[in-house]
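Colleague: Residue numbering for the sequence shown follows full-length UniProt numbering, beginning at 1 and increasing consecutively.
One thing to keep in mind: the hints can contain errors.
Stated by the list, open to error - Calculated lysine-lysine pairs in the DSSO-like style (CA-CA distance at most 27 Å, straight line):
1) Lys68 to Lys355
2) Lys334 to Lys347
3) Lys204 to Lys194
4) Lys102 to Lys158
If you're looking for bench data, these hints aren't it; they were derived computationally from the structure.
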Amino acid sequence: MLLTAYNGAILGPIAKVLGWVMNGIYALMSMIGIENVGLSIIIFTIVIYAILFPLTYKQQKFSKLSQKMQPELQAIQKKYNGKKDQASMMAMQEETQAVYEKYGVSMMGSCVQMLIQMPLLFALYRVFLNVPAYVSGVKNNFSTLVDGIMATSGYQDKMTQLVTDLRVMTTPAADFTVSDPTALSNSIVDVLYKMNSAGWENLKSAFPSLTDTINATYDTVSHVNNFLGLNISDTPWQVMTTNFASHNFLFVVLALLVPVISYLTQVLNIKLMPQAAPSNGNSDNDMAAQQMKMMNRTMPIFSFVMCFTVPVGLGIYWIAGAVVRSVQQFFLNKHFEKINLEDIIKKNQEKAKKKREKMGIAENQISNAAKINTRKIDEPKKEEKKSNMSEAQRELELEKANAAKSKAKAGSMAAKANMVRNFNEKNSRK
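Make a model of the complete structure from these sequences and hints.
Modeller: Below is the structure:
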């Protein structure tokens, strides 16, 4: 049975599936004598981003095509700038859709890919936040100690006090008042896994009769959680302050490298990302570009600050993710430099054409729809022009029309119509 794994309606099931993958990676590494959560996190991150690569490729291709489409899209926006009537808005939408059809891409293409990627990445974060809930090999390291704690009189109060003193944060919050033994055992494992090195000393003070078991468990867990000399359950700030006081400056530097490397890899990843096309004075695009620029500046700084206060394991995940994305982006950039976008556009157009044919949409329907919308824009203008004419202008127009009719050529249809009109007028006067 899983520990207190995340049970959200959307991310919960995704996290469980990812947890099975993580558990499989850890089990395979254990078979070759390598039991290390930090290394498992790195391999797991590489595997997940490899699975997501097809979506990443499509997203990057869409980004490249978007840059090529921008001049045409901006021209349409400029053409209908300030026009808020329904006919103009419909025409703008039709013309925009026509541009996307021309390049063979979907208006929702990038959004769909992001909607698929984001839940996976958020669920991945949930797995790393509570590894024992998903990796049975890590959970089993705590079994003997948990049994000893639960056999101690008053252990619920002691564990509650320990959580309060150490400010151990678990998701969901550890509850030692429940009667279910399995739930109690899971809560204890959650707390033990989240405890830093100093917390284990407090645990020995709370349960002195279990000192030998606590020491043995701590040694095993420390080996599993050790990554380049750092315990992945500790925060870099805790490692720095503790080792600075004891003059272990090597560990201070190692701990400092976690947020620094996280910052640098985030910056590298952003530098490699495709840059937005110039907006040519469009205010909406300018605002979006400024917001993106601000986010690109703040995200690495946010990562740097957060890495001081979150466990080293999460810092490793952020670094591994940024490195994998940077490597992918580097090769994607090289790939798109070599290929001809016109070839991609032609292929996309063929795919879009086949898709429309399957849906029963004729090729000329799109252009006809655009013409209909253009007509709808012109017709209200004509009606509006007529309604704005004065009475004198109407009389003048009628006189001109009558004069034109009276000059009709003899024998023509217009002349015969005039004869019928004159006959009717004479009879009506009698």
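Colleague: Work down the list of hints and note, for each, if the structure agrees.
Modeller: Hints, verified against the model:
no., hint, result
1, Lys68 to Lys355, "holds, 23 Å"
2, Lys334 to Lys347, "holds, 20 Å"
3, Lys204 to Lys194, "holds, 16 Å"
4, Lys102 to Lys158, "violated, 69 Å"
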